[in-house]
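Here's the letter readout for the chains.
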Amino acid sequence: MATRTLTHLERLEAESIHIMREVLAEAERPVMLYSVGKDSAVMLQIARKAFYPSPPPFPLLHVDTTWKFRDMYALRDRMAAESGMDLIVHSNPEAAARGINPFDHGPLHTDLWKTEGLKQALDKYGFDVAFGGARRDEEKSRAKERIFSFRTASHGWDPKNQRPELWNLFNARKARGESIRVFPLSNWTELDIWQYIHLNDIPVVPLYFSAPRPTVERDGLILMVDDDRFRLEPGEEPVLRSIRFRTLGCYPLTGAVESLAGTLPEVIQEMLLTTTSERFGRAIDRDGGDASMEQKKQAGYF
Amino acid sequence: MARDADTDPVYQTDALIAEDIEAYLAQHQQKSLLRFITCGSVDDGKSTLIGRLLYDSKKIFEDQLAALEAESNRVGAQGQAIDFALLVDGLAAEREQGITIDVAYRFFTTEKRQFIVADTPGHEQYTRNMVTGASTADLAVILVDARKGVLTQTRRHSCLVRMIGIRHIVLAVNKMDLVDHDQTVFDGIVASYRDFATGIGITDFVAIPVSGFNGDNITALSPRMPWYRGPSLVGHLETVAIDTDVDQGLPFRMAVQWVNRPNLDFRGFAGQISSGIIRPGDAVRVLPGGKSSVISRIVTMDGDLDEAVAGQSVTLCLADEIDCSRGDVIAAAGDPPQVADQFEASIVWMADEALIPGRAYWLKLGARTVSATVRAPKYEINVNTLEHLAARTLELNAIGVAEVTTDKPIVFEPYAANRTLGGFILIDKLTHATVGAGMLHFALRRAQNVHWQAIDVTREMHARAKNQTPAVLWFTGLSGSGKSTIANLVEKKLFSMDRHSFLLDGDNIRHGLSKDLGFTAADRIENIRRVGEVARLMADAGLIVITAFISPFRAEREMVRAMMPAGEFIEVFIDTPLAEAEARDVKGLYRKARAGELKNFTGIDSPYEPPETPEIRIDTTVMAPEEAADLIVRRLLK
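Same order as they appear, the protein sequences are chains W and H.
Under the numbering used here, the first sequence has 224 at position 224, and the numbering climbs by one with no breaks.
Under the numbering used here, the second sequence has 300 at position 300, and the numbering climbs by one with no breaks.
So that you can see chain W by itself, here it is in the shape it has in the complex (with noise of 0.2 angstroms):
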């Protein structure tokens, strides 16, 4: 009998679906993070796969720090009515009241509206199970962490005390209070991720592409003026650059890449012959030095 092998891309999607279906078999209630990257967008796809004709039966939820770019809310609500999925919309508010921002408060921001936005929409609606689009090629201590990754009843994560990981056998027990964070895309690559939406044709936000937008260039890093919220320092103007984004957050700590990769496959080209990595043009992994990202993921950062 002939065998047919599978492509590295059916097998990574295989995987993801086989995990999506056994978080569905195993949890109370599952939740699935929907940050409108591209990222976010490839776990939707596969969780529409993975439960046709059925819609995926949970929840999206969106922890919005209120300063994401304007073309990523347009997106996230599109894609919530095309997949037929309920989406939740948590923003911390006492980072409302207390005024918290990107321009005046550094890491606390990310702390107050990301990290203690998640933990609070997470006990607010009793989800025991998020999935999140991590990949294990972002980042060195991501490329250690589960599949299935265990927080604390405060939502801590302990590297040193994870469960073991055989074949395809994911163990989702927990004590009560106790939640699991699972990577579906663990084995996925920045290039599987992009080869994969050119694929299946999956609709991204726009800022992947290159077009002339207003900037202006911090600390080495290129910004867009998305909104007048952007606070520009005396004698900063906004500058048109032709400018595209590898990966999204909140905008004004965003770093953009000057490009003409007006199309996916000249993203992907570009992608392939660039030499930075992709977490570069992120402000948020280089406070605290080396091993920041773990610190965070200690304190409960997804």
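One or more of the hints may lead you astray.
Output of the computed footprint for chain H on chain W, the stretches with three or more beta carbons under 8 angstroms from beta carbons of chain H [what the hints assert, rightly or not]: (1) 5 to 14; (2) 20 to 26; (3) 171 to 179; (4) 266 to 273.
Hints listed in this document are in silico derivations from the structure and should not be mistaken for laboratory results.
Note that the coordinates shown come from a computational prediction; the quantities given were computed from them, not determined experimentally.
We put the CB at the ideal spot given by N, CA and C, even for glycine.
Assemble chain H onto chain W, guided by the hints.
Frame of chain W, contents of chain H only:
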């Protein structure tokens, strides 16, 4: 260390990417995926080798490289040169110690294939990590330092690789630059490894002389070792057969993960095919039920398929409305797997607390989770030699062979034939930790040949004849807490009310039914199991059973609870503080235990786990025995 795209055959794709990205994507899309592990002793250069593979396939970017150069100068072990190991040693604690202590996964791509590497530690105490990394690998690269040759750890890793059933093995003799690229050194190591490997049943391996530091024979053959005529490491990795391809040639099996029922007209069975090929019209059997049907559709969001193969996640529809739920296995009708509830298995222990023979653990295999017990090991395996050693239990990182019994029959295949239906994990019922991993060898007896004897006089009829509802009043508490005293009073009261009861007392049972048992944790568990089974039979006969045993462990009390119909197990916690029980010391046992004359005495040198939510709690510091007995009888008969 510069790469030359013209002479390096593996990475000539750069030109294609620049000139015709669409053509590159079309080619890249067809690549297959190989998962492999690297294992070796500390300092064999594993992390350096992986760093080299990433570097050569351009997975290291300028910012990472700049950070790496800075870090290499600060803590690196390679002097001023770039220390590739720093790239892959992820967690902060490990970077300080300069060792890898967990499984890390890395990714790279060559012209023909995509790769996932599990970097697994070489430390003796981390067997569990290596087994974890190996469980999903198609191939293992075993590293040997050319200066040191085959070491104890090389043997250990080879034994584990053999046990996990990895089909392809590469012996990478590393640091050839430090032995002047000498062929005789290489040949000597290969010969000595072959002697050992043959002895443990490894019949085939590919040996490659390399230098991870300089990149010799990694992606291209090195001019420094013209005497070597085999493939480069990457060249070999690009061409070996992948497990899912081999699995396609086996009979069809798919464990059902989830039943998809969006409306009354659709019922699909979702799962990942573990072996074989399936097409609409194929006859299948659903196990363990045994009903047959025919595949009517293979449903995906991209349209129905004509065929699906091992490795794919699909949704299958059957032509008939037959029972099929999560955990069942859909299999080729003509060649179905076995169903059994007793097995011999290899078990790798992964928890700090040793295996407790007789204790009930959760066993997860495929999509099925059942309760299971492991008997005392037949033997432990010396992972350096595969020799058998006598053992009463399995400690962290120990590997042994033991009998496993499940409370329900499960569908399985020997691990050697099918990893998915032969590999299982054991989960602690209280801590929920994954404490062990196992590989089924064979069934000790087939469950289909052992039927429960159908009995004409049912337990309901027994109970009705006695005009009562059967129950087990399970007393638990420290020695000297007052269990036996109160239990006796309860039975007297029931007797005077014409209830049919029987008291099983700890001391009395130990004179007969359990006289072969001592007081170790394992023996205590077996004692409670026996008492639980006897209590169940008596309850089946319609009796109200009263038991008075210390029964110190929560897990065993829960095991007995699980044996009984819901509501019939009533846990009575005789709550007497240790100081109070010790002060009473009716039998003088605490004094002996404190003097060291009695070992494993509960409360002194053996733990007591109090019930978290007992049905009845008696605080003997505020309630007299008579009063307590009245309360228990009232609660029982209410």
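What hints, given by number in increasing order, does this structure fail? none
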